[in-house]
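K.L.:
In case you want the letters, here they are:
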Amino acid sequence: MLDRRDFLKLGGATAFAALFGGCERLPRKIVPFVIPPENHKLGEALWYASVCRQCPAGCGIVVRVAEGRAKKIEGNPLHPVNRGKLCARGQAGLQVLYHPERLGRPLILSGPRGSGKFREASWEEAIAALMAGMKKVRTDDPASLLMLTEPMRGHANLVAARFMRAFGSPHRVAWDPFGQDALLSACDAVFGVRDVPEYDIAGARYVLSFSGDFLETGLSPVHYGRAYGRMRQERPTVRGKLVHFGPRLSMTAANADVYLPIAPGTEGLAALGIAHVMVKEKLSPAAAAASSLWGSGLDRMTPDAVAQATGLVAADIAAVAREFAGNRPGLAIAGDAAASCTNGTFNVACAALLNALAGSVGAPGGVSFPNRLAPFSRYGADAALLLPPPESGYPALREAIGKMERGAFRMALLSGAANPAFCLPASLKFGEALLKVPLVVSFASFLDETTSLSDLVLPVPTYLEEWGDDIAPAGHAGDAVTLSQPVVDAYRDTRAMSDILIAAGKELGGPVAAALPWASFRECVDKAYGGKGVNLEEARRQGGIFTGKPGPSRPTPKAARPALPKPSAAAFEGDPAKYPFVLHVYPSIAHADGRGANLTWLQEMPDPVTTAVWRNWVEIAPETARRLGLADGDGVTVTSPSGSLEAFVVIHPAIAAGVAAMPLGQGHARYGQHAAGRGGNPFALLPAGEDAGSKGPARQSTRVALAKAKVAGTLVRTVNVEGQWKYENIL
Amino acid sequence: MKHKWAMVIDMDRCTGCGACVVACAAENNTPTAGEAEAAKGRLMHWLRISRYWKREGNETRAIFVPTPCMHCEKAPCEIVCPVYATYHDEDDNLNAMVYNRCIGTRYCANNCPYSVRVFNWWNYTWEKPLDEQLNPDLSVRSRGVMEKCTYCIQRIRRARETAISERREIRDGEVVPACAQTCPPGAIVFGDTADPDSAVSRVLKDPRVFKLMEHLGTDPSTAYLKKQRGPGR
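Sequence lines, in order, name chains A and B. The end of the first sequence is residue 814 by the numbering used here, with every number in the run present. The end of the second sequence is residue 257 by the numbering used here, with every number in the run present.
Rather than coming from a laboratory, the hints here were simulated on the basis of the structure. A portion of the hints provided could be inaccurate.
Short derived list, chain B residues pointing at chain A, Cβ under 10 Å [unchecked claim]:
#: 1; residue: Lys-98
#: 2; residue: Glu-102
#: 3; residue: Arg-130
#: 4; residue: Tyr-131
#: 5; residue: Glu-198
#: 6; residue: Ala-202
#: 7; residue: Pro-209
Dumping the calculated BS3-like pairs for lysine-lysine here, alpha-carbon to alpha-carbon at most 25 Å [unchecked claim]:
#: 8; chain 1: B; residue 1: Lys-64; chain 2: A; residue 2: Lys-793
#: 9; chain 1: A; residue 1: Lys-200; chain 2: B; residue 2: Lys-64
#: 10; chain 1: B; residue 1: Lys-152; chain 2: A; residue 2: Lys-154
#: 11; chain 1: A; residue 1: Lys-641; chain 2: A; residue 2: Lys-610
Since the structure is predicted, the reported quantities are computational estimates derived from the model, not experimental observations. Ideal Cβ placement from N, Cα and C applies to all residues, glycine included.
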């Protein structure tokens, strides 16, 4: 009800507005309503080149800036990794920059640890707290400082590594849940090179993918996406063929000419079946020369035996082997689901073996191992710090958790994008261990499951406001260094982690100050690239230094005489009687390890295969659904020996029998309003398994049970096009 | 000079990754509808990727059909608008919208066989400071207004202004809509079919060309190249 007093107040306000509102400038030109707004005169914009950090691929970007605000991100056409192209996550980077929940002030814990209650503080107060902690640790026991970050890139990694070395602590862990441990181990075993290979998909005639979801996630989705398009339609008379083996029809599998469902963890066996036929029938020169493999166990991998173990049809294995060998250059690529089994290294090594047997190593349309650090030979041993091996850091992280629990760390420095409290198996109890570290400082842009456990949160610039450099882990041959620059002025009151470390080094003095002899991180980058014939301004305008002169590839000492990877079977936790389904988890194309889940553009981008938005789900085969009495969209409880969660059923018509598949990335408890409350976190279902060969994380290692349950809400799928138009009718 | 803009989507290159969907939202100020609205089929995307399941013998395959506005030459949406809010642009041969005329009858969406028109059921807001990102080259539409893919008309406009100021014609490849710009496998080709030598004119001679629901006689400007398939098993 409006009382008299309010009425008078309102009346006064209206009179004020009427009097003074009229003082605004009159529009000089009235635009008639009949001209569509798009036809008004356009303003000018500037474009700045930088690097995308939404995933580790390191694509070059150009950002359109109008009136001091970033408006649009596009791929940098000059950049060899992506050549002007960009994925959905890269496009969504603007929402990171202008996110309403982005931290703009340092936060100091105001409630009990882990409560997520913070108060805002000044930078002076925050830095004082940081330095007090650092000085105390440095005097008492420097080795009790832990630094846990995502794999840092370029000179930022060099600064962090030198800081820790000079500080006197060996405890530096870089955590990436989708690290390439198994790939590195497999390449070491088969080719004698412990590095990430370069796949020339664009030049291949035949590509075998073993759960290799290289089009949606993986090492460099835009680079390989572009190469895929070229493989299909760029050559006038050749259309490359793609055959996919895997437990689930993923987006990459949907694009394959042939999709062959196999049981989870049998990717390696399927590859050995193909190798058996190639060697037996001497289908290629390399296969004919590889008779030593025969005696070491390949003779037992007959198509029939492999068909039995994998669920394939024996005739398919032989047919694919003959096609693969007959259409060279051929490529075999194993992906995350093959690598993250308990026999991951075996799976990936078998795919690598096929490349060796097809004679594709070092050949156009095959695999090669370029020296991506060629421009940095002058750094000596420190050059490796500029392109850290893309490992997950899982063994080191598990060791660190053990030490945290024993109270070995007095202080921890965390950086935000690696969110171990979210994407580690719950049984490792990372959160509880972290609470035992007396002082935890996070460098972050958002409060998530990990950063909210800290004592002090220091807001950092987003990648669009930062100086830096980057060497992409794939997609170039040592002829590309990306330079990043702030495309807009810092939108929040932030300081870069590298700058804070350099300043802290100065205050700590002694060897730490000497190890970081720069005034700022920008100076560090400028000194690294300036001079030496490089016009830094011009290089930043172009987005980096792209010489176009690839260095020589590394020799592959073992490729000519490959050994047979020792067959090993994938292990799955749980009694098959109690937990009848194998859980297949895959990184979501929109959220990857979960970092994209707070962006509405990505939440609302329909998943390619299921067309679901805003929530997570569990995919099962139609027969499974029939047997369990489940319909599409029903709620279920998914239970593993390690945990349980609720999700909605999506009936997936092309998934291997006995498999339940879930996307990773959703299920946040603390990551802002858009990420929270979107279902359970599938990481919580996983045991703390590891790949036997590389000690990397084994996510495909548990069985689950499904039970119908009442789950609040519904799973939203985008318009059911089949209901409106039959596929046959649209053509 | 008059133009006839057209888009060709090569389904053999398209991977269904969705980069175009997000690029379109970023370029064209299309709001995020939210989960509750999405559940009512009210996603605001101007470009969607329709996923079809297709059974072939024992196999089920997924097929991705990126579906923007078809910019039909004989557009069913235009003839039903009582206020001429959606009309045929004579200079560019586009199916265009004047938002300020739109009174929200939604007849056009009802008549569009491709379901590519989306309606502003609400005054969508951009939580601050997300509004800093909004593209200044085009408006934010208010409640009660229909909207749809414009072939990034603001980019066509910009290319035309540049061409006029440099006293020349628009060059082939100068206009690239946001979806085509970002598409990683390069599945989307855009250009002017009034120019017989443009990339899009050349691609349209491909024997794989087809158009969605050609039998309806809408004469779409958006064409597709059929997905090929290597020899199966």
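K.L.:
Next step is simple, just say for each hint if it's right about the structure.
P.N.:
Evaluated hints:
Residue-level restraint check for B:Lys-98 is violated (minimum Cβ-Cβ distance to chain A is 18 Å; threshold 10 Å). Interface hint status for B:Glu-102: violated, as the beta-carbon distance to the closest one in chain A is roughly 14 Å, over 10 Å. Here the hint on B:Arg-130 is broken, as its CB sits about 16 Å from the closest CB of chain A, past 10 Å. The criterion of a C-beta within 10 Å of any C-beta in chain A is not met by B:Tyr-131, whose closest approach is roughly 18 Å, and the hint is violated.
Annotation: B:Glu-198 was flagged as interfacial toward chain A, and the flag is violated, the nearest CB pair being 14 Å apart, outside 10 Å. For B:Ala-202, the shortest C-beta to C-beta distance to chain A is roughly 7 Å, which falls under 10 Å, so the interface hint holds. At a threshold of 10 Å, the smallest CB-CB gap from B:Pro-209 to chain A is about 3 Å, leaving the interface hint in force. For the given pair, B:Lys-64 sits about 21 Å from A:Lys-793 by alpha-carbon distance, which is consistent with the 25 Å threshold.
Proposed proximity of A:Lys-200 and B:Lys-64 is contradicted: the alpha carbons are some 37 Å apart, above 25 Å. With a CA separation close to 15 Å, the supplied pair B:Lys-152 and A:Lys-154 stays within the 25 Å bound. Pair hint A:Lys-641 plus A:Lys-610 does not hold up; C-alpha atoms about 39 Å apart against a cutoff of 25 Å.
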